[in-house]
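Novice: Here's the letter readout for the chains.
4 protein chains.
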Amino acid sequence: MPTASASGSSTVRVRYCECDPMGVAHHASYIPWLEIGRTDLLRETGLSYKTLEEQGFFLVIVRLDVKYRRPVRYDDIVEIRTNWIGGSRIKIEHTYEVVVTRRENARETLPLTAAVGATTLACVNREGRPMELPDWLVSR
Amino acid sequence: MPTASASGSSTVRVRYCECDPMGVAHHASYIPWLEIGRTDLLRETGLSYKTLEEQGFFLVIVRLDVKYRRPVRYDDIVEIRTNWIGGSRIKIEHTYEVVVTRRENARETLPLTAAVGATTLACVNREGRPMELPDWLVSR
Amino acid sequence: MPTASASGSSTVRVRYCECDPMGVAHHASYIPWLEIGRTDLLRETGLSYKTLEEQGFFLVIVRLDVKYRRPVRYDDIVEIRTNWIGGSRIKIEHTYEVVVTRRENARETLPLTAAVGATTLACVNREGRPMELPDWLVSR
Amino acid sequence: MPTASASGSSTVRVRYCECDPMGVAHHASYIPWLEIGRTDLLRETGLSYKTLEEQGFFLVIVRLDVKYRRPVRYDDIVEIRTNWIGGSRIKIEHTYEVVVTRRENARETLPLTAAVGATTLACVNREGRPMELPDWLVSR
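Chains as they are written, first to last, in the numbering used here: chain X, 187 to 326; chain Y, 187 to 326; chain S, 187 to 326; chain P, 187 to 326.
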């Protein structure tokens, strides 16, 4: 079960290649940021996702929801605030807030919530069959 | 208003770079496929998104929901079935079905629904301010 | 050894997410197109890259050269002309021409060579150790 | 003209979505890292690329060469060592070294040079026509 401390923060600088002809981050670019958020959070619990895979546990995404509120711009510093909000023996639920914390020559008041999101992960084995999460992860 | 014919089909072959260490398409790779689906559908109405932008109408995504059901593999032929399900003077709603239609040496019965999704687009002007969709698009 | 017929053609439509704030395809977007070019060419020889991997042969890129001559735009139809120009028992050499063949409202005369490139692939086994290419591929 | 100090270092952690079915970073993933390297270096000279664009100067890539020597793995910490090696009134030349500096459970001795690269940038205006670089940038 997630504890009150199951939240974390990650930071990325928006890459040029992540932006589209409107001059803002393409909506698909946010998806890897959410992944960074939840893997950083997992790493803080003491185990990297890389090691989890080496132990035979694979986390696959089964649901993704994002609400885009304001554009993120090239070169912005973006903070991903990730919350591990629950789950079960086979699923993990996260929510996210994508916040612009620094923007050169900003005309907006910062920080600025650019998007919010939620994902559900399921645990599968190397062959893709559902399996239970390791005990320590469920009971943390 | 969308008519009964407001649905379409697009096809992509899954790229190697769209797949991840699990050997399946990364969940972020689906997002550009949905975009291909809805821009192909718009093109069929008689106007490309490219021209729409040149006329000063920009469509930005405000909501994205995807449910991932089964993995998509490298080199699969994937069909994106897109439906224009409604909207308003400033918004357009789409739903999607991502279907694996061809897979070399497939052990599964095809076609296979790999994911379903929904998006909401909002119309903005070049400066990112909300604006009404062009009449012909709303009343089609 | 490659024969005179060892060349092929692939076609992609430029995706919105492949374009950057300059409104043209980002230079990194071309790299997957080259990969499409050479895997399509391999498929024409009778074996897909997917099957090659299943047989334990992995092709990794060891050298990539691209010269960018003219911008490629969103929604352009781009042809990748790929040539299998040689190699050895452990390497394969390709050259590429990236050609804009269709552009809505084009002011330029088409077709237009947007870029040329060259790659060297090396054959490795599942553990990443160099290994010889399968005979049929070397002697084709 | 570049001075002896025209070199810099940037760091990225390899994203899951940047890796391919071989379990290593896809070769196209390196290209945005080089871009991070040179934009970080430009920022250190006192002006961000973002501001340069706002002043009407756009840098487009005209040549890209990469030699891939060893695989980069998911979750690796990668340092991009960038050198501004010369150029002219309209071009800028960079070289790069992509170095794995940290790898969980590494069996290799680190740091490890994974790739070396070189790029040439040309300066163009908003319409894509060649233009001279700003004086301060050429004479720095």
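Possibly wrong hints are sitting among the right ones.
A pair holds if it fits inside one copy or across any two, identical chains being indistinguishable in the list.
[To be verified] EDC-like, lysine to aspartate or glutamate: derived pairs with alpha carbons at most 16 angstroms apart:
#1 K236 to E290
#2 K236 to D261
#3 K277 to E230
#4 K277 to E290
#5 K277 to E318
#6 K253 to E283
#7 K236 to D226
#8 K253 to E230
#9 K277 to E240
#10 K253 to E318
#11 K277 to E265
#12 K277 to D321
#13 K236 to E283
FYI, nobody ran anything at the bench for these hints, they're computed from the structure.
Novice: If a hint holds in the structure, say so; if it does not, say that too.
Specialist: For each hint, the structure was consulted:
1. Proximity of K236 and E290 under a CA criterion of 16 angstroms is satisfied inter-copy only: 8 angstroms between copies versus 35 angstroms inside one chain copy.
2. When the C-alpha separation of K236 and D261 is checked against a cutoff of 16 angstroms, the pair qualifies only between copies, where the shortest distance is 7 angstroms, while the shortest distance within a copy is 28 angstroms.
3. In this assembly of identical chains, K277 and E230 lie within 16 angstroms of each other by CA distance neither inside one copy nor across copies; the values are 19 angstroms within and 40 angstroms between.
4. Neither within a single protomer nor between protomers do K277 and E290 lie at most 16 angstroms apart by alpha-carbon distance, with minima of 40 angstroms and 26 angstroms respectively.
5. In the homo-oligomer, the alpha carbons of K277 and E318 lie at most 16 angstroms apart inside one protomer (8 angstroms), although the nearest pairing across protomers, at 41 angstroms, exceeds that limit.
6. For a Cα distance limit of 16 angstroms, the shortest separation of K253 from E283 inside one copy, 10 angstroms, qualifies, whereas the shortest one across copies, 20 angstroms, does not.
7. In this homomeric assembly, K236 and D226 come within 16 angstroms of each other (Cα to Cα) only inside a single copy, at 11 angstroms, whereas the closest approach across copies is 28 angstroms.
8. Taking identical chains as interchangeable, the C-alpha atoms of K253 and E230 are never at most 16 angstroms apart, the minima being 26 angstroms within one chain and 28 angstroms between chains.
9. In this assembly of identical chains, the alpha carbons of K277 and E240 never lie at most 16 angstroms apart, being 19 angstroms within a copy and 31 angstroms across copies at closest.
10. Neither within a single protomer nor between protomers do K253 and E318 lie at most 16 angstroms apart by alpha-carbon distance, with minima of 30 angstroms and 20 angstroms respectively.
11. Taking CA atoms no more than 16 angstroms apart as the test, K277 paired with E265 passes in neither setting, with 25 angstroms inside one copy and 28 angstroms between copies.
12. Taking the shortest alpha-carbon separations for K277 and D321, only the intra-copy value of 13 angstroms comes in at or below 16 angstroms, while the best inter-copy value is 45 angstroms.
13. When the C-alpha separation of K236 and E283 is checked against a cutoff of 16 angstroms, the pair qualifies neither within a copy, at 24 angstroms, nor between copies, at 25 angstroms.
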